[in-house]
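**Student:** Residues per chain, in single letters:
There are 2 protein chains.
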Amino acid sequence: MPAMLHDTVIIQFAKMLQNLSLCLDKAAAHAASKKFEPTVLLGSRLAPDQFTLLRQIQIACDTAKSGAAQLTSKDAPTHEDREATLDEAKARIAKVIEYLGTFSAKDFAGAEARRISQPRWAGKSLSGSQYAQQHLIPNFYFHVTTAYAILRHNGVDLGKKDYLGPMPFQDPASA
Amino acid sequence: MPAMLHDTVIIQFAKMLQNLSLCLDKAAAHAASKKFEPTVLLGSRLAPDQFTLLRQIQIACDTAKSGAAQLTSKDAPTHEDREATLDEAKARIAKVIEYLGTFSAKDFAGAEARRISQPRWAGKSLSGSQYAQQHLIPNFYFHVTTAYAILRHNGVDLGKKDYLGPMPFQDPASA
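Protein sequence lines correspond, in order, to chains A and B.
Under my numbering, the first residue of the first sequence is numbered 700, with each subsequent residue one higher.
Under my numbering, the first residue of the second sequence is numbered 700, with each subsequent residue one higher.
Hints listed in this document are in silico derivations from the structure and should not be mistaken for laboratory results.
Treat the hints with care, as some may be off.
Copies of the same chain look alike in the list, so a pair counts if it fits in one copy or across any two.
Unchecked claim - With a straight-line Cα cutoff of 20 Å, these simulated PhoX-like cross-link-like pairs (lysine-lysine) come out:
hint: 1; residue 1: 860; residue 2: 823
hint: 2; residue 1: 789; residue 2: 714
hint: 3; residue 1: 859; residue 2: 823
hint: 4; residue 1: 789; residue 2: 805
hint: 5; residue 1: 734; residue 2: 860
hint: 6; residue 1: 859; residue 2: 773
hint: 7; residue 1: 805; residue 2: 734
hint: 8; residue 1: 725; residue 2: 859
hint: 9; residue 1: 794; residue 2: 714
hint: 10; residue 1: 714; residue 2: 859
From a predicted model like this one, the values you see are computed outputs, not experimental measurements.
With the sequences and hints as input, model every part of the structure.
**Tutor:** Okay, here's the thing in structure tokens:
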């Protein structure tokens with residue numbers, strides 16, 4: 700289970716963030732072809748009381764970063780919410796991917812039993828495995844998918860493959 | 700790791716599907732208060748070339764159902780795509796939650812190494828753990844989140860708590 704937590708929170712979250720970064724490249728291309736300011740997309744949302752695309756990206760980044768840190772009892776680096784362009788949003792993503800790259804499977808030893816809390820939980824806690832399964836993973840995918848949905852809603856040419864990224868398929872011949 | 704796969708694909712997916720069902724109750728209440736036909740929501744989408752809410756629900760259901768079946772080498776039951784109302788969509792969800800309830804952690808023994816394929820993969824395959832991490836889990840959350848986003852976009856009064864559901868918090872006193 701430490702290996703699976705490591706694979707989920709480090710390897711797979713980094714892959715999804717990389718996919719999201721490539722979606723932002725497609726967003727920039729879309730804005731250029733339609734001749735509109737690409738930052739308009741960063742301020743877009745699906746409902747007036749929902750976070751913007753930029754905030755979805757920032758939260759996806761922070762969720763991955765603090766999830767990795769909390770499960771391994773490390774201190775996550777602080778990233779100020781100062782991005783204003785697609786390139787800056789991509790740089791934020793790149794910083795988190797780099798941070799995730801500093802973790803090894805060994806860091807997750809004992810993670811599933813560790814008590815995890817957050818300031819807003821007023822002292823209450825979840826076990827590491829409860830936190831990963833019921834909070835971290837659903838939250839991370841929530842914000843990545845919502846970012847994708849905002850781009851799709853605004854006409855960016857994206858498909859499920861952009862969201863999922865490449866699969867490590869094994870050929871029938873090599874099986 | 701079999702335990703974590705079981706927890707993710709059986710316990711957690713069932714929880715998310717139950718949360719989605721409760722979101723559909725809020726959708727029905729919203730339609731009633733605004734005096735519009737609730738089936739309008741089932742036909743809503745965020746982009747013209749994106750699946751409707753009903754299809755997102757059906758795919759979320761099928762993803763959970765076939766994920767559980769494929770990882771454990773079982774045959775999933777067939778559910779025809781014939782739903783036309785919110786209640787029928789909720790019944791589809793309930794059938795899948797019931798099906799997930801038939802699995803035990805033991806069913807997932809060896810699941811991570813099992814070769815998983817799908818008709819559209821033309822003979823190519825993923826290991827069970829690759830499939831779970833890189834395909835099943837991201838796809839499942841994609842369709843649940845997109846369903847939620849379509850409802851949010853249409854003014855249904857939902858928040859992150861409706862998506863996540865209740866957390867099994869432990870009080871500081873009992874720690």
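**Student:** Which numbered hints does this structure break?
**Tutor:** Result: hints 4, 5, 6 and 7 break, sorted rising.
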